[in-house]
Amino acid sequence: METIDHYAYASRMRGINPQLKAAVAMGTLILCIGADRFWVSVTVLLTMSAVILWGGGLTFLKYINLLKIPLGFLILGTVAIVIEISSRPFGYVLFHGFGHYVWVSKEGGVTALKLVLKAIGALSAMYMLVLSTPASEIIGVLKDLRVPKLIIELMHMIYRFIFVMTDTQRLMKQAAVSRLGYQDFKTSCRTFGSSAGNLFVVSLKRAGTYYDAMTARCYDGELLFLSEEKGVRPWQVMAALSYFLILILIYILVP
Amino acid sequence: MEDVLLKAEGIRYSYGQEKEALKGIDLTVQRGEKVAVLGSNGAGKSTLFLTLNGVLTPDGGKIAYKGKEIGRKNIQELRKNVGIVFQDADNQIIASTVFSEVSFGPMNLRLPKEEVKKRVHSALAAMNLTGMEERPPHYLSGGEKKRVSIADIIAMEPEMILFDEPTASLDPVNVVMLKEVLDELSDLGKTLLISTHDVDFAFQWAERALVFSGGRLIADGPIREVFDSPAVLEEANLRKPVILEVFESLVRHGVLQKDAICPRHAKELEAMLAAVSGK
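Chains A and B are the protein sequences, given in the same order.
Sequential numbering from 46 applies to the first sequence in my numbering.
Sequential numbering from 594 applies to the second sequence in my numbering.
Hints listed in this document are in silico derivations from the structure and should not be mistaken for laboratory results.
None of these values were measured; they are calculated from a predicted model.
Don't take every hint at face value.
Restraint-style ranges between C-beta atoms, simulated for each label pair [what the hints assert, rightly or not]:
{"#": "1", "chain 1": "A", "residue 1": "T156", "chain 2": "B", "residue 2": "T723", "range": "51 to 59 Å"}
{"#": "2", "chain 1": "B", "residue 1": "E662", "chain 2": "A", "residue 2": "Y256", "range": "24 to 32 Å"}
{"#": "3", "chain 1": "B", "residue 1": "P815", "chain 2": "A", "residue 2": "S248", "range": "37 to 45 Å"}
{"#": "4", "chain 1": "B", "residue 1": "P823", "chain 2": "A", "residue 2": "L225", "range": "41 to 49 Å"}
{"#": "5", "chain 1": "A", "residue 1": "W99", "chain 2": "B", "residue 2": "N721", "range": "32 to 40 Å"}
{"#": "6", "chain 1": "B", "residue 1": "E611", "chain 2": "A", "residue 2": "Y256", "range": "15 to 23 Å"}
C-beta atoms are modelled at their ideal positions from N, C-alpha and C, and glycine is treated no differently.
Whole structure, please, built from the sequences with the hints as guidance.
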């Protein structure tokens, strides 16, 4: 199964210090949303996509596929802003009936385009982070930001369990399919229900054995891991700073 | 020279109100021993391992480590020195990269970071996992996961390691790898207890065997003697190792001398037969 997690592990930018990547992503995100300028958004979208594609080595097709889902939501959301209804025609009329006109104004269109670009720009900055940094490293960054320990430990466990659970679910589903458990809609519903219930019981049992295994390794209430530090190179910091500078210059110089 | 590492006396344990899983186990383990723990499913092997490591507190009986009795206060001492490699690696691996997974044990021992790093790297090297430090466990193969779960324990540098059915989910190549690891650990002076259903594997590797049945220890002795007792084999639902049966056939038909020592594996048998026919 190909997931964002998978892409992150395969990324060529994995070796870069996660704190730096998170800082660049957050900085870009704030600049992009804060500036709210057409050309800043376009620059962010193009540069971040370029970094993802050439820096990280993700293929164009996979990247577009990842953008598709949020783009769908965005378009649905902006339709509400762009389209207006009134009893007299304005702007570009799409259709009319029952004495009302459904129309699009030029200003509305521009606003919508700017909004979509801003959102996609911000999204590409976030994708730059998540497509190059595995979840465990992002959790590490949050830990450095002094997010409460309990939340950090839960994030670690949940992340690990997602994979354990999906694997269990996959095996259970295969076993059910082989016994005709999913042959039509009715049986599918029934099988899904009982396998979900079973998954819960399995989870509880697993939690027990996990706890035993952790206790066996001297766990006493605090999850401790050591992760290897990834160094920051001066040129990387310089690149990040000059990138921010360029964005700010665009904001100031281009209207 | 006797060097008693672990001594258990009259260990009893029951899950809830139901029947006892362990009904009074007496056990002494010497330093450097290679022990196979045999018995059918539900005979109490896993429960015994969990009590020997201190995860489960026995309802009755005493456990002493190096002559010191283990109570509530020094239970960490027991967990530190006795490691368990669990049967299913997926139930043991908790971290999201191999490196942090193996660091979990040493970090819990509150060792300095440099020491943890050193131990993790040497454990990974011993398990042939160098270069996989940053891999997430869910993208590893079954054999690799098993190796990670063993590296977990090696990094804690316990004196005694308990393996709960390590051969159960491994393919033949990985079983060979496991044997090499076990030999290396023995050479390092570690005391090893392995529970298994694979009698051929046990016969090849172990010096001593413990046989469990219904929560009792029904046999404890040199592995050869244990397999010579038909009553024990029947009660524990065990079969004889193939090599032992072949050896006995050969003795019965006069190919080998009666007082010969049974070979442990096919190569030893071959050498023996070569020596006989050479005469």
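Each hint tested on the structure:
1. A:T156 - B:T723: 51 to 59 Å: Check passed, 56 Å falls within 51 to 59 Å.
2. B:E662 - A:Y256: 24 to 32 Å: Cβ of E662 (chain B) to Cβ of Y256 (chain A): about 25 Å, so the range 24 to 32 Å holds.
3. B:P815 - A:S248: 37 to 45 Å: 44 Å, holds
4. B:P823 - A:L225: 41 to 49 Å: Once the Cβ atoms are compared, 46 Å apart, the range 41 to 49 Å for L225 (chain A) and P823 (chain B) holds.
5. A:W99 - B:N721: 32 to 40 Å: 35 Å, holds
6. B:E611 - A:Y256: 15 to 23 Å: 20 Å, holds
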